[in-house]
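Chemist: This is what each chain is made of:
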Amino acid sequence: MFKKILVANRGEIALRVMRTCQEMGIACVAVYSDADQKALHVLRADQAIYLGASEPAASYLDIDKIIAAAKDSGAEAIHPGYGFLSENAGLARRCEEEGLVFIGPPSRVIQNLGDKTVAREIMRGSGVPIISGMVRAESVLQILTEEAGRIGYPVLIKAAAGGGGKGMRVVHTENELADACRQAASEAAAAFGNDAIYLEKYLKRPRHIEFQILADSHGNIVHLLERECSIQRRYQKVIEETPSPAVTPDLRAAMGKSAVDAARASGYVNAGTVEFLLDADGKYYFMEVNTRLQVEHPITEMITGIDIVRQQIRIAAGEPLGFTQSDVTGRGHAIECRIYGEDPENGFMPSPGKITYLQEPSGPGIRNDCGIYAGFDVPVEYDPILSKLIVWAADRNQAISRMKNALSQYVILGIKTPVAFLIDVLASEPFQEGKTYTDFIATHFEGWRQKTDEADLAVLAYIIDEIAGSRRPKAHNKKITGQATPWQTIGNWRL
Amino acid sequence: MFKKILVANRGEIALRVMRTCQEMGIACVAVYSDADQKALHVLRADQAIYLGASEPAASYLDIDKIIAAAKDSGAEAIHPGYGFLSENAGLARRCEEEGLVFIGPPSRVIQNLGDKTVAREIMRGSGVPIISGMVRAESVLQILTEEAGRIGYPVLIKAAAGGGGKGMRVVHTENELADACRQAASEAAAAFGNDAIYLEKYLKRPRHIEFQILADSHGNIVHLLERECSIQRRYQKVIEETPSPAVTPDLRAAMGKSAVDAARASGYVNAGTVEFLLDADGKYYFMEVNTRLQVEHPITEMITGIDIVRQQIRIAAGEPLGFTQSDVTGRGHAIECRIYGEDPENGFMPSPGKITYLQEPSGPGIRNDCGIYAGFDVPVEYDPILSKLIVWAADRNQAISRMKNALSQYVILGIKTPVAFLIDVLASEPFQEGKTYTDFIATHFEGWRQKTDEADLAVLAYIIDEIAGSRRPKAHNKKITGQATPWQTIGNWRL
Amino acid sequence: MEYRLRVAQKDFSVEVEVNEGLHLNFMLGDKKYVVDYTVISDSYIHMKVENGIRSGNVNAFLADGPDGKTIVINGRSYMVQDHDCLAQVVQKGRRPNLPDKITPPMPAVVVSIPVTIGDRVKKGQAVIVVSAMKMETTLCAPFDGTVVKINAGVNDKVAPGQILVEIEKDE
Amino acid sequence: MEYRLRVAQKDFSVEVEVNEGLHLNFMLGDKKYVVDYTVISDSYIHMKVENGIRSGNVNAFLADGPDGKTIVINGRSYMVQDHDCLAQVVQKGRRPNLPDKITPPMPAVVVSIPVTIGDRVKKGQAVIVVSAMKMETTLCAPFDGTVVKINAGVNDKVAPGQILVEIEKDE
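Chains as they are written, first to last, in our numbering: chain B, 1 to 495; chain S, 496 to 990; chain C, 991 to 1161; chain F, 1162 to 1332.
Looking at chain B on its own, in the form it has when it is part of the complex (with noise of 0.2 Å):
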């Protein structure tokens, strides 16, 4: 096993790595940019490397100056954790051809499955339901149109390379496609410098089923149950769920043959979730492999008592699984809740900034996966994730009990959350029924604005706080804190 392990995140992910690497006896490396100084994944690792500037090109995503702190620290292998280089096949590669073990899929089938066309040919050849769609990607018009012809509108055009709803399009009439694609290719470009789009079915309402999977090196594979991403505003995900409410016993067991097959036919080893869109009529289909750690693998680890970053290091060890699918089972229900750096009422902009006050909610059954503290100020550059809170239960109404109320006992002063949006999603019926589909925000919470029944007893507060008299520091003083240095304080001294 590695002693020691290099973890090329920030936040709360690098903290997640990080809890079953010490739980491992493994050292754990953090590397960091100036933004960073004070964040919680330096201050907890066993030792911490700085990269650069702010700007994530210089630190998080320059792949030499993570190598050359890999090497530096002794480090053996490296987690890439989600998002910045988690599913670039260049550090992958970088890392093979340096004697380090990248903790994921080998650079080759990183590769494969990042380009859209080339993991949807994959599939189709071993028998993994794709939707109906292009073979590859396209550029002339007239062949597009012929094949949003042959696909039946409404169409979704969808970057090759892409990801994270860049460069996607709706398309209903063929009078609207030629606009769109070239839009959708500029804003392709722009994201990822890469134009190529191409063209597949639009479902009407689908869900968002994931699997999770296990590969080792041995040629065992196991799935890990399904996990239902349907809430997600801006194509990201916001609450997460298993089991989904949809899935039922039989359904289960073929979406998760079709995952298994996924990553035996893809040559897949480590975690990695096959995702899938489910229609209406129960029919699934084959959307893309997301190679790395999920942000909610939480949820699959409450339901399955599995550590899937523990298992993770194993199979980059060359451990064997060490059991089978028959061993994995699914027990209660768990649901996570993002909590974005964001102003819900505000079309979910982003909100950086200084945490003043922070109240973590805790409780039989709450996991909060923190990445901030209160004084920590989160940074503009990076992801607005500031923690995931997840929460099991018995069932699925306990579970939404119980998520409802530790989000009433979640307190984040500084800066912007959606504690009070996820709490009217979670008290809504269409969720109550499990009507979760993708346009479940736009349907039911476009435009949503936070209740003022209680208003009221802000007023009291703010009253009773001038009374009794706020001693809270004032902001101007801020700048004192972790900037005092010997010769402000040498008066002290004893010489």
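Think of the hints as simulated: they come from the structure by calculation, not from any bench. Among the hints, erroneous ones may be present.
Unchecked claim - Straight-line C-alpha distance at most 30 Å; calculated DSS-like pairs for lysine-lysine: (1) Lys1091(C) x Lys1113(C); (2) Lys499(S) x Lys560(S); (3) Lys566(S) x Lys1021(C); (4) Lys451(B) x Lys1000(C); (5) Lys1113(C) x Lys499(S); (6) Lys930(S) x Lys732(S); (7) Lys566(S) x Lys1038(C).
Please arrange chains S, C and F on chain B, whose structure you already have, making use of the hints.
Modeler: Quick look at chains S, C and F alone, frame taken from chain B:
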């Protein structure tokens, strides 16, 4: 189902009970004494009722006041937690008389099982193995001497009304018997107002193994597997775990059946715990039934996925269990460490006082049932439990690692705690090998002192704190916080 | 004494009467509240609120901001502002609403500036792109005009209120 | 500059050299440490410690007490005292060790007082029982003598250092 429940307790257990109530949509009424005006259970309740002075007799032990609080607030049921009135048949009886539901067994059952000699009689009649000993309490020395001869030395003197080690004495030879009986009787009289004592066989190096049971009012009884609680100091449990490293599947089945038999024989309803001693030969003996929620119930919740407080409330409301013994399965391993306010370097002396800083551990598989917060003044009047740190992991070794990491993240400043002691116990060879007997601490950790190999680091931190300039509020300013009245700050007003 | 406050576009006029200890009477319009409070920490006030119909515990968490206090109760966050201060703010022009100015809606980093000084721009034309937490926002010209000043460079950190590009309006 | 500190009955003599920024060199006896530090909060200092052999992150949490600072590192709690202050404490007689005086070992509540003024007591005889967190402790006469003063009543809260019962020693 109830709409409102009064929780007749304080600290972490009151919070624990309230969490489940709130998840069930049941309003919670807290009660409090002078010392607990700012206690967390008061802050988190939906409503809080003042009972009286800090002495338990004037507040948490005053049955009249608690009944009145329940009636005034419109609560339909009372949850007694553990300690205080939880095993007081008088409170249960008053509830029965006043039309309130006592969330626990019927008063008659509490009374029978509370008298250890009556309890032994019940068990003997239903085939539950009991340790050889006397059937009833006795005060005539000659009879005691004869009984001791029959049982065989060493014998253990126990108080009939006892608990918590009070009135207990081990006697190795007949010479010591007379004095020991006198002392034990007088200690029992002082502690319980009842000097009745009896003798039983003293087991060398036993393990403390207990079974959680649930019995509904329809005659359904199940057990929720065992807990091992052998790590004790001053007859109080310090570390508990499940499953026990000493219990085989066959033994588990046998002991579990005895626990259910014990419950059935005593007419048990609600949650309870049947305690056994397990000797080196794998023989087990009934000790007593605790007719309440145990401190260590969370470890059972962690491995079975069953919320014991929810079941208590459902049973008290007359609902049937809804599951059978075969539905109860354990997954993984759970450990609890009790975090007392005490000084392990000084005979585990109590350490009340103000918490000046608190960092709670968090992460996957970690649950901290905590009754304190930074700024809270831990009262001198009550039980020293500050919190219970519980971890779950896939197996015992992983659970130990997780617990050690969690403990080393736990920072409580202002009072003394056994965190460093617990880390050393978990790291010790006998603990890791599962050689956990009730004399564990006396054998391996007598006169324990914290290692000082990292004292250098404390010296560095001290000097940096001097140089960087501590900006911590001085102790003599403390009184101002929370004591400000409008008159002190009248200058802020606009009239 | 009296307070005039604003929360969520609604104005509150509050009469407060101080009793002995930590016990207050409030009149919010025609609603009467009796409140006992405990200051738990600088950021946390616990209140026992009775309004004649029901009574209950309320935990309020507070932070100061330039425009008022942010108060979190039961998971919801309220911006509470004092009317008098609000008036001052408007007078002093601090943080006014600036629909006509090119300023980022949140703290951000400048990604690109597709115009240079002297460029003629049309209303709605992109003049600067900023990014916050991986979300890009394009700021556009509010009217036809000429770029006269650019106050930021690529990779600069910028904040709301800061004018990034100045445009002289066509007459 | 130099510090003389005491931790766990051990004395440390420390030479400190301040470099630019938050970078310090320490000599503890013959051991050399190079430390970069960050003040995370009033109670929390993060240190990057190198001692030539190994380097690593250390999180230290600090609280002030009357006799020194309590410092928690890796789950262990250290009481660190300054030598000069220690000397003062002994001189001023603050919190001296009082084996001959009847004073509680921890903050406690008085449970019972089985003696009255004028009682003659034997060495080891119980004179007052206190309770803290459900644990009772009996304080006994340190020598044969006569009870001359009782400074506490049942249910009183008492603290270490407070003399609860005064006994005049037999000549």
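Chemist: Does each hint hold? Answer for all of them.
Modeler: Going through the hints against the structure:
no.: 1; hint: Lys1091(C) x Lys1113(C); result: 12 Å, holds
no.: 2; hint: Lys499(S) x Lys560(S); result: 17 Å, holds
no.: 3; hint: Lys566(S) x Lys1021(C); result: 28 Å, holds
no.: 4; hint: Lys451(B) x Lys1000(C); result: 13 Å, holds
no.: 5; hint: Lys1113(C) x Lys499(S); result: 61 Å, violated
no.: 6; hint: Lys930(S) x Lys732(S); result: 16 Å, holds
no.: 7; hint: Lys566(S) x Lys1038(C); result: 19 Å, holds
The earlier numbered hint that this structure contradicts is number 5, and it is the only one.
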